[in-house]
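Student: Listed below, chain by chain, are the residues.
Number of protein chains: 2
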Amino acid sequence: LNAPQLLVIGGVAAGMSAASRARRLDPELEITVLEKGPQVSYGACGLPYFVAGKIQASELIVHDAEFFREKRGLDVRTGMEAREIEMGRRRVRAVSVETGQEHLFHFDRLVIATGARVAWPAIPGLLQAPGTKPLPHVFPANTFADTTALDAYLRRSGARHAVVLGGGYIGLETADALHDRGLEVTVVQKTDRILRPFDDEITLRVEQALAARGIALRKGAAALAVTESEVISDAGRHPAQIVIVAAGLRPNVDLAEAAGVTLGPTGAIAVDDGMRTNIPSVFAAGDCAESTHLLTRRPVWIPLGTTANKQGRIAGENAAGPGGRARFAGVVGTMVTQLCGLECARTGLSEREAEDGSFRAVSVEIEQYTHAKYLGAGKLYVKLIGEPGSGRLLGAQMAGPSAGKRVDVIATALCARMTVEQLSQLDLSYHPAVAPVWEAVLVGAHELLKKM
Amino acid sequence: LNAPQLLVIGGVAAGMSAASRARRLDPELEITVLEKGPQVSYGACGLPYFVAGKIQASELIVHDAEFFREKRGLDVRTGMEAREIEMGRRRVRAVSVETGQEHLFHFDRLVIATGARVAWPAIPGLLQAPGTKPLPHVFPANTFADTTALDAYLRRSGARHAVVLGGGYIGLETADALHDRGLEVTVVQKTDRILRPFDDEITLRVEQALAARGIALRKGAAALAVTESEVISDAGRHPAQIVIVAAGLRPNVDLAEAAGVTLGPTGAIAVDDGMRTNIPSVFAAGDCAESTHLLTRRPVWIPLGTTANKQGRIAGENAAGPGGRARFAGVVGTMVTQLCGLECARTGLSEREAEDGSFRAVSVEIEQYTHAKYLGAGKLYVKLIGEPGSGRLLGAQMAGPSAGKRVDVIATALCARMTVEQLSQLDLSYHPAVAPVWEAVLVGAHELLKKM
Numbered sequence: 001l002n003a004p005q006l007l008v009i010g011g012v013a014a015g016m017s018a019a020s021r022a023r024r025l026d027p028e029l030e031i032t033v034l035e036k037g038p039q040v041s042y043g044a045c046g047l048p049y050f051v052a053g054k055i056q057a058s059e060l061i062v063h064d065a066e067f068f069r070e071k072r073g074l075d076v077r078t079g080m081e082a083r084e085i086e087m088g089r090r091r092v093r094a095v096s097v098e099t100g101q102e103h104l105f106h107f108d109r110l111v112i113a114t115g116a117r118v119a120w121p122a123i124p125g126l127l128q129a130p131g132t133k134p135l136p137h138v139f140p141a142n143t144f145a146d147t148t149a150l151d152a153y154l155r156r157s158g159a160r161h162a163v164v165l166g167g168g169y170i171g172l173e174t175a176d177a178l179h180d181r182g183l184e185v186t187v188v189q190k191t192d193r194i195l196r197p198f199d200d201e202i203t204l205r206v207e208q209a210l211a212a213r214g215i216a217l218r219k220g221a222a223a224l225a226v227t228e229s230e231v232i233s234d235a236g237r238h239p240a241q242i243v244i245v246a247a248g249l250r251p252n253v254d255l256a257e258a259a260g261v262t263l264g265p266t267g268a269i270a271v272d273d274g275m276r277t278n279i280p281s282v283f284a285a286g287d288c289a290e291s292t293h294l295l296t297r298r299p300v301w302i303p304l305g306t307t308a309n310k311q312g313r314i315a316g317e318n319a320a321g322p323g324g325r326a327r328f329a330g331v332v333g334t335m336v337t338q339l340c341g342l343e344c345a346r347t348g349l350s351e352r353e354a355e356d357g358s359f360r361a362v363s364v365e366i367e368q369y370t371h372a373k374y375l376g377a378g379k380l381y382v383k384l385i386g387e388p389g390s391g392r393l394l395g396a397q398m399a400g401p402s403a404g405k406r407v408d409v410i411a412t413a414l415c416a417r418m419t420v421e422q423l424s425q426l427d428l429s430y431h432p433a434v435a436p437v438w439e440a441v442l443v444g445a446h447e448l449l450k451k452m
Numbered sequence: 001l002n003a004p005q006l007l008v009i010g011g012v013a014a015g016m017s018a019a020s021r022a023r024r025l026d027p028e029l030e031i032t033v034l035e036k037g038p039q040v041s042y043g044a045c046g047l048p049y050f051v052a053g054k055i056q057a058s059e060l061i062v063h064d065a066e067f068f069r070e071k072r073g074l075d076v077r078t079g080m081e082a083r084e085i086e087m088g089r090r091r092v093r094a095v096s097v098e099t100g101q102e103h104l105f106h107f108d109r110l111v112i113a114t115g116a117r118v119a120w121p122a123i124p125g126l127l128q129a130p131g132t133k134p135l136p137h138v139f140p141a142n143t144f145a146d147t148t149a150l151d152a153y154l155r156r157s158g159a160r161h162a163v164v165l166g167g168g169y170i171g172l173e174t175a176d177a178l179h180d181r182g183l184e185v186t187v188v189q190k191t192d193r194i195l196r197p198f199d200d201e202i203t204l205r206v207e208q209a210l211a212a213r214g215i216a217l218r219k220g221a222a223a224l225a226v227t228e229s230e231v232i233s234d235a236g237r238h239p240a241q242i243v244i245v246a247a248g249l250r251p252n253v254d255l256a257e258a259a260g261v262t263l264g265p266t267g268a269i270a271v272d273d274g275m276r277t278n279i280p281s282v283f284a285a286g287d288c289a290e291s292t293h294l295l296t297r298r299p300v301w302i303p304l305g306t307t308a309n310k311q312g313r314i315a316g317e318n319a320a321g322p323g324g325r326a327r328f329a330g331v332v333g334t335m336v337t338q339l340c341g342l343e344c345a346r347t348g349l350s351e352r353e354a355e356d357g358s359f360r361a362v363s364v365e366i367e368q369y370t371h372a373k374y375l376g377a378g379k380l381y382v383k384l385i386g387e388p389g390s391g392r393l394l395g396a397q398m399a400g401p402s403a404g405k406r407v408d409v410i411a412t413a414l415c416a417r418m419t420v421e422q423l424s425q426l427d428l429s430y431h432p433a434v435a436p437v438w439e440a441v442l443v444g445a446h447e448l449l450k451k452m
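As you go down the protein sequences, you meet chains W and H in turn.
Residue 1 is where the first sequence starts when you use the numbering used here, and the numbers rise one by one after that.
Residue 1 is where the second sequence starts when you use the numbering used here, and the numbers rise one by one after that.
Hints listed in this document are in silico derivations from the structure and should not be mistaken for laboratory results.
There's no promise every hint is true.
One copy or two, it doesn't matter: identical chains are merged, so the pair holds either way.
[Unchecked claim] Here are the computed lysine-lysine pairs in the DSBU-like style, where the Cα-Cα straight-line distance is at most 30 angstroms:
1. Lys219 x Lys54
2. Lys71 x Lys219
3. Lys54 x Lys379
4. Lys190 x Lys450
5. Lys379 x Lys190
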C-alpha cells in the first residue's frame, strides 16, 4: 500500500509553503515539488536590493533545496519544468532544464503554484526572433534566474544607461536599484499613470522623489523599438545598453488552463476559500491564483509574496488530507513599495478603485509627525477614504516614514469592517519615541468624519 | 443676556483638548481654563528627554497660553490653583500661586481635568516637615514644574548619584534619563516586580537592559529613610545626592470628591461614555477620570496622555452644548515605554491580568525579524494571549525594535473583538524594508491557534 502522492508545481513562495504545511500535518505523505528555476524558496521581493549591489543573491534564499529534502523530507526537483498536467492519468509531464530529459510524476493531489511572469510587450528588438529568447541586453526582472543574469551582464558589459519599460512597482524598484548601482536610468511608461494601485496624491510624490534622485520618467510614452544602444519611444530616443521589461505581470496559467482548470474573471485560476480549483484534489495558490477582496467580495488578482505564502499554507493543509478545512480569509489589497527612500503603502480601495466600483467615496488628506518633533520625527502623509452614508472605512494611502507598517492599522480595521467612527476611537500606542498623541490615522479619521 | 460659561480645571492634555473642542463647536461660549502650573498643553511624556539633557524644556510645549488666548479665544489662567468647587453656587474658588490672591470663577458647565499626582510614600527624610514640601534634593518627576526644578538642581548641585523610588515606567524612564545625563543611578522598588502592566517575560528583558547599561535595580527593597547623601533601604545603603519619587500615581480627585462628585471603584472619577459625572453639566476627563476597558467592560484607571486627549475632546464636545452626543469608546490598555533603548509595548490584558480576571488564558512567545534579515533587521519578541474555547484574542506584549507601533495591529484587533483565527489571517503589509513575509503577529497567532 503506497502513501498518497502530493505533487506541487512551483517551488518559490506558495509552493514551498504548501509542501511544508502538508508535510507538517502528514509525515507519511509523499511530497514532490517541481521547480523549473535553480532555486526554491527565495525572497523575490528583495531582488532589487541584489540588483542595486547592496546584498548577495544568496542572502535572498530562505532555505535551499537541500534543506527541504533533508529537514522536511520533501522531494524537491529544481531545474525541472512542468510541461503538461495529464489530468485524466493523474500525472505531470516535466522536462529537465539541463538535460532535456522527460520525467513523469504521478499525483493523487496536486497544488498548482506556477506563479506569474512578466508580460512581454510586442516591441521590435526585444527578442532574438519572434517567439524566442530576449536579446542579450534585455531582461525581465522578476525571478532569481533573470536577476542573476542581469547582474552578470552588468558586471561584464560596462553598461551605463538603462531603460525600464513599465512604471509599476517592479519597474520603479528596479529603476531605483539600477540607479543605486550607478547607471543612468529612464523609465518609459505607456500610460500617463505610474503605480496604478496608488492615487495621484501618492504618485505625484513618487514622481518628485524620482526626479530628485535623477531618474528620468517618460509618461505617456509608447516604446516603438529597441536597439542595442537605445529605446525609441514616441517621446524620443533613450540611450540604453540595458533594457528591463517590467510592463506588468500575468498569472502563469497555461498549464492549468490546458488541463481543464477553470480561470476566473481576472484571468488567474479560480479557487474557493480552501484554494480548491474546479477539479477535485487539485489546488492552486500564490501568484497564479485569485483571491477574494473583502471589501468588494469580488475575485481579484494581486500577486504578492505574503498572500502567496498564506494561500500556500491553506492549500497545503487541505491537500494534506481529505479532512482539511483551512480557509483563506481573503485580502484587502495591502501593498508597500519603497522608492528613492520614499515609503508608500496602501490598503483597501483607492479613491479611484472605489469610484470605479459601486462605492460612493469621499477622502481627506492629512500630514502628521510620525512621533515627537523634538526627537527628529518626519511627517507622514495619509489619505483616508470612506463611504458616506454607511460610514464605512474604504481604504488608505500613505507616503513617508513608517508608512509601511502604519498602514497595518487600516488593514486590520478593514478586515474587521470598521466604520470611520470606530477607527477614530482606536486605542493606539503613544510614546514620544514612537507616535504623536494624535496618531495620523486618528487625525485623518476625525477629518473624514466631517464629510461622512 | 450673557453667553454660557464653560470652566475647565486643569490645562495640560485633557483640559486644553476640552476647551479647544468646545471653542471649535461654539464660538460664542465663554471658556476659562485654570491651570496651577506655569505652562499649559505640554507633552508630559517627553519630560525624561529633558531630564536626560537631550532637548530643551521649551520643546515640550505644544502651544503656550498666549496661543490659546489669541488664536482660540480661551481665557487661560496659568498659576491659578483651584481650591474648591462650590457646586451649589456654580463657582470655583481659586488662588493665584504667585500673589496668593483669591479669585472666584462662575460656571454653567464644568470640566474637571485635574490630572494625577505622584503618590508620596511615608518615608522619613523626604519632606521638610510632615505635610510640607519635599527637601531640596527630593523631586517628584511628572510635571513641567517639578522637572524644571530637577534640571536646575542638577545644574547647580553637581550631584553624582541618584536614587529613584519606584520601578514603574515613569521611575524607570527617569532613571534611564538621569543615567544618560551622567549620574550613577539606583532604582529601589518595594515589590519584586517592576513595570506592573507587563508580564515577566518583558520585565526580565528590561532588567537585562538596565543591567547592561549600568543602572542598579534593587527589587523587593523597602526604602526606610532618606538623608542628604543616601537612601537607606532594607537591602542596604544607596548613595544619593538626588532622590526621585516615582512610587506610583494617584488621580487628583480631592476637589471633585469634596464637591460631591462620585468616584468609581478605581478611586478615579466615575464617568459615563460621554465623560459626564454624577452631577449635571459637570464632566471629567484625563488622568483624574476612569475609562471602560473594552475586554472586561469594567472601569479602569490608566493615566495616559493619549487617552486624556481623547477624553478631553469628548468632554469638550458634550460640554459645548446640551445636544452633545460624543461618546468615548473606551480603552484596551495600550501602552509603550522605551528603556535603555529597548522598546516595550503592550495592549489588552497581560496574562496575569487575564488570570486575575475571569478569563481562562493561554499564551505563546515568538521572536521574529522586523523585516528582511539581509537589510539588517533586528528581532521583535512577541507574546500573544488568547482565551481557549471562545477563541478570543486577549492581548499582546512586545519587546524590541518597532514594538511600539507593531502593537497597534493587536490594539485594533482587540477594539474589533477579533478572534485569534481572524488575527492569523490579516492582510498585513509586506516589503523587505518593512516586514518579513510572515509578520510577527501572524506567526504568533498561528502558534496560539494550536493551543486554543
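Student: Hint by hint, work out which the structure violates, then give me just those numbers in ascending order.
Tutor: Hints 2, 4 and 5 not satisfied by this model.
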